[in-house]
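Protein chains: 2
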Amino acid sequence: MTTKPKLTVGVVLFNGFATLDAAGPMQFFDQLHDEIETITISHESRIVYSVPPNGGCPMMANYTFENTPPLDILLLPGGLGCRTLFHDPRYQEFILAQSKRVKYILTVCTGSGFLAATGLLNGKRATTNKKAFREIEKLSSAVLWVQHARWVVDGNIWTSSGVTAGMDMVYAFLTMLFGTERLKIVLEIIEYTPSCDDTHDPFAYLADA
Amino acid sequence: MTTKPKLTVGVVLFNGFATLDAAGPMQFFDQLHDEIETITISHESRIVYSVPPNGGCPMMANYTFENTPPLDILLLPGGLGCRTLFHDPRYQEFILAQSKRVKYILTVCTGSGFLAATGLLNGKRATTNKKAFREIEKLSSAVLWVQHARWVVDGNIWTSSGVTAGMDMVYAFLTMLFGTERLKIVLEIIEYTPSCDDTHDPFAYLADA
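Heads up: the sequence lines are chains H and W, in that order.
Each residue of the first sequence is one higher than the last, beginning at 1 in the working numbering.
Each residue of the second sequence is one higher than the last, beginning at 1 in the working numbering.
Please keep in mind that the hints were generated in silico from the structure rather than gathered at the bench.
In this list, chains with the same sequence are indistinguishable; a pair is considered to hold if it fits within one copy or across any two.
With a cut-off of at most 30 Å between alpha-carbon atoms, the simulated DSS-like pairs for lysine-lysine come out as follows:
| # | residue 1 | residue 2 |
| --- | --- | --- |
| 1 | 131 | 4 |
| 2 | 138 | 124 |
| 3 | 6 | 131 |
| 4 | 138 | 184 |
Turn these sequences into a full structure, and let the hints steer you where they fit.
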């Protein structure tokens, strides 16, 4: 019996990240730790806070942009703190370099703004947090922004709506990789009933506001 | 206009905590950071991992049991790592001391095992993760364990079923404190549709297995 190498997911963290944008998907990865290794990456400081300077959820990064090991999957969370980073050359360089290497890129909530700012979503369908929709879509008119979607898949890029939508997107993503039977056990342990319909978006109306 | 003091929530962390047991409620607290200050507490090491020794979600603790400031609310997450801590005298002492001071105690998933082991649930109704139900209920026959419940409230103690049930419990808890209108804005930002019926428990069947 050969041991299949684990998939490595890199979760980018920064001050002002939305706790669940990162932690929602990470709970799924934790349940699949035989198949998936999760690493955290930050370019700002080793410890980041969801409510900076030092409030909310304190999460630690294992790596920086400079020493990140090879990744299979890149996960970009959003949150209030990402707004000042979309056009940060360090972020753009890291994300563009990773985009050439990884198999998949996943974004949660306003995390899709990172990809919009780099041009990686040009001509592609994508979504974002519905309360921030009008703000994020301004980052690029070359993106085919989808207002009504819990999550959107275009090629190897998966983008989700706000915060908890990331869990539904990751459930769909992991089902594609590992099958519904494997994920059924995960759902039973975390007692989660996912939304399995990417077009069921009860919050799409917020983008009209 | 007087400024109302914030409520302080203390989240106990340990190696092998379930990421979302802590992070699900914390996302709600983050959105209410004008009303709630969240602090993290660990007695083992400053950085804890959801998949120990150093995998999964790395979270940092701001305080230890010895220097924890006064709390209004104590939150006890569960996870694989809590099993060896239920009868740890340091945990029992801390939890019993806090129970005399805090306004509310909240547990998520197998976190209710901490309270069962201390005797704080004696004669009270409580629930836990449904896949771990038979294991956790063995901790105390003096607890009125509720198999069919998304979450249970008895006095000032709120216990939830597995992992994501903590978000529904915390939504109900915060609605009690701050009202549905305030929480409506939170739900819109995190795009969450909570289960508002504590008796709607799609995973209760797992406890029969």
